[in-house]
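Engineer: Spelled out from the first residue to the last, the chains are:
Protein chains: 2
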Amino acid sequence: MAMTDEQYMQQALAEAQKAFDREEVPVGAIIVMNNRIIARAHNQVEMLNDSTAHAEILALTTAFNFLGSKYLPDATLYVTVEPCLMCSGALYWSKIGKIVYGTDDEKNGYRKCCGNKNPYHPKTKLVSGILKEECAGLMKDFFKARR
Amino acid sequence: MAMTDEQYMQQALAEAQKAFDREEVPVGAIIVMNNRIIARAHNQVEMLNDSTAHAEILALTTAFNFLGSKYLPDATLYVTVEPCLMCSGALYWSKIGKIVYGTDDEKNGYRKCCGNKNPYHPKTKLVSGILKEECAGLMKDFFKARR
Numbered sequence: 001m002a003m004t005d006e007q008y009m010q011q012a013l014a015e016a017q018k019a020f021d022r023e024e025v026p027v028g029a030i031i032v033m034n035n036r037i038i039a040r041a042h043n044q045v046e047m048l049n050d051s052t053a054h055a056e057i058l059a060l061t062t063a064f065n066f067l068g069s070k071y072l073p074d075a076t077l078y079v080t081v082e083p084c085l086m087c088s089g090a091l092y093w094s095k096i097g098k099i100v101y102g103t104d105d106e107k108n109g110y111r112k113c114c115g116n117k118n119p120y121h122p123k124t125k126l127v128s129g130i131l132k133e134e135c136a137g138l139m140k141d142f143f144k145a146r147r
Numbered sequence: 001m002a003m004t005d006e007q008y009m010q011q012a013l014a015e016a017q018k019a020f021d022r023e024e025v026p027v028g029a030i031i032v033m034n035n036r037i038i039a040r041a042h043n044q045v046e047m048l049n050d051s052t053a054h055a056e057i058l059a060l061t062t063a064f065n066f067l068g069s070k071y072l073p074d075a076t077l078y079v080t081v082e083p084c085l086m087c088s089g090a091l092y093w094s095k096i097g098k099i100v101y102g103t104d105d106e107k108n109g110y111r112k113c114c115g116n117k118n119p120y121h122p123k124t125k126l127v128s129g130i131l132k133e134e135c136a137g138l139m140k141d142f143f144k145a146r147r
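These protein sequences, in sequence, are chains B and U. Counting from 1, position 38 in the first sequence corresponds to residue 38 in the working numbering; the numbering is continuous, with no gaps. Counting from 1, position 4 in the second sequence corresponds to residue 4 in the working numbering; the numbering is continuous, with no gaps.
One should not assume that every hint holds.
All copies of an identical chain are treated as equivalent in the list; a pair is satisfied when it fits inside any one copy or across any two copies.
Pairs of lysine-lysine residues, derived as DSS-like cross-links and limited to a Cα-Cα distance of at most 27 Å, are as follows [to be verified]:
{"id": "1", "residue 1": "Lys140", "residue 2": "Lys95"}
{"id": "2", "residue 1": "Lys107", "residue 2": "Lys70"}
{"id": "3", "residue 1": "Lys144", "residue 2": "Lys95"}
{"id": "4", "residue 1": "Lys125", "residue 2": "Lys112"}
{"id": "5", "residue 1": "Lys70", "residue 2": "Lys140"}
No lab work stands behind these hints: they were computed from the structure. Quantities reported herein were computed from a predicted structural model and do not represent experimental measurements.
Isolated chain B, as found in the complex (with noise of 0.2 Å):
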């Protein structure tokens, strides 16, 4: 059954919360594929020692694998908070369908080097703005708790 695109990103948000839980960044993400959710992860650069660990990162590795292959032109990523550069260039080579994010992040954000370039593929759509209060809410409160 489909589900809309604030359903889906619910689901980012409970891996998000799940990353704060654990003192990590509270990024969550899901990868959807034909109305099923094929992967789900949240950033784990503490746990993995590895400061390239987030959440998009995850999800594409476990969704190439899931699917044996290396492109997902098919699928959507629900990510929390504005993919930095790192995870935009991933999604470029990942050649994925759609990407949805939650809330703007200024100081990461791949719009920070790329101002209104496009990093992504040239057929991949872009959606931002959903659960925007939720998803900027979980950082706000992460990184208050740290001052």
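Given chain B's structure and the hints, the job is docking chain U onto it.
Structural biologist: Coordinates of chain U only, in the frame set by chain B:
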């Protein structure tokens, strides 16, 4: 014993040659710390069926695991080709001390999106053009054979 940038780039080129021999886009990378090579990797996109399995990413992961650290401020990455956006973002997060690359990549290099904006950590030094001809030659031979 300290080696020169050219000597280390030869080691990255040897990795690129391995990729070439395995019908992967011939990019190789090594990471050096205290005059010691702590990671060697070549592009494995085809073998791992993962469009993000670039030499730089694989070398970074190896270095993080080897050192048990998610940051590499005292390390240098040698890579035969200008890093793409994804790899540049990953290098940013790693806070690597120095990046040395061989040949420019007009099609996929980070400057395509970033222009003159520096995507790396402010403390990261950047050197390019080391063994440029050799690094570019391997790429040209690879793509010529496939046209």
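Engineer: List, from low to high, the hint numbers that the structure doesn't satisfy.
Structural biologist: The structure breaks none of the hints.
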